[in-house]
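K.L.:
Spelled out, the chains give:
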Amino acid sequence: MPDFIEPLRRRLVELGCPMTQMRRLVREVADHRDDLKQAAVSEGLSGADAEARANTQLGDPLALADELMTALRRSSWWGRHCVVGFCVVPLLAVPVLWFALLLLQLSLGFTLGFGWDPKNLHAAAGNPVVFRHLVIVIQCANSVSIASITLLFCWLARRAAVNFKWMVTACTICSLYALFVQASIKPHSFEVGASWTPHWIEAAIPLLIAGAIYVFHRRTTQCFREKVAG
Amino acid sequence: MKKTNPSFLNGVPELLVLRLLARREMYGYQIVEEIRTQTGAALSFGEGCIYPYLHYLEAEKQVSSQRREVAGRNRNYYKLTARGRKRLEALTSEWKRVTTGVSLLMEEQYA
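From first to last, the protein sequence lines stand for chains G and V.
Heads up, the first sequence is in our numbering, so the first residue is 1 and it goes up one at a time.
Heads up, the second sequence is in our numbering, so the first residue is 231 and it goes up one at a time.
Next up, chain G with everything else stripped away, as it sits in the complex (with noise of 0.2 Å):
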């Protein structure tokens, strides 16, 4: 590839742009690069000219990288509504998600294992063993539901390509809500809603993917870069 195609690729994965759309703007650049330079050549200049010419119209790849993820961005609604989509909605869709998935998980648990008859709840209560595997499978149910809908703002924040303090603050919402908001299981009783006591498993999961996606990102631009260099 010439020099103006790798320096725009790598700013584009620098910047997070999922790979899909990278590999399509970097196609459809290179194409309209060429085309530049097929017009600067009907015009009468040669090869290096022209090859010059169409970088100068094209301008700085670092720069152009930047005005595509705008553009990129403003495409989508989550990347023009960042403190609306990334704040607001998960202050407000976490709890009726969570409680949405807890509910379902536990639906599919309990008629598959038990039935919905409370008799099995309190039968289930009398056995120690019986009853540690259900506070076990609630807690699951709990670690489930908010890594779910922590994965479900990061996959939006990396499609619609924002910048990774969004997805922190998405992720950290989620985290508070876990650290507080729970299912619990008590003999002969079922609680979901708030209580004073921490959580902390279930507060760290949403930090840990947020991490892990951090991570992954890093690790994917430097082998991009090795592999450019290389």
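Please keep in mind that the hints were generated in silico from the structure rather than gathered at the bench.
Here chain G is said to cover these stretches of chain V; the calculated rule only asks that three of the stretch's residues, wherever they fall, bring their Cβ under 8 Å from a Cβ of chain G:
1) 256-267
2) 271-281
3) 284-293
4) 300-314
All residues carry an ideal CB built from backbone N, CA and C; glycine is no exception.
Once you have looked at the hints, place chain V on chain G.
P.N.:
Showing chain V alone in chain G's frame:
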């Protein structure tokens, strides 16, 4: 679009692209060139900046694209969809309404 009167020109790039694609299918470079030549260089997309915009229109199902080889060159050709045609009709009538209003005001001012 260049950053002149961004709010005033909202919707204009969409109108121009859809209008050009209503005539025939085109690839990015052709669209940029047609806009430049047909508006007498009064309006122009930054080179290369049209692509995220075309992808957005494709995501909105207003245009569709196909990578094809023509005369030894592979390019993404964009064409208008039925949804894009409807959108073009709506934008055209809105544009006519705005320009008629502005013209009336300007004529009165300079009469």
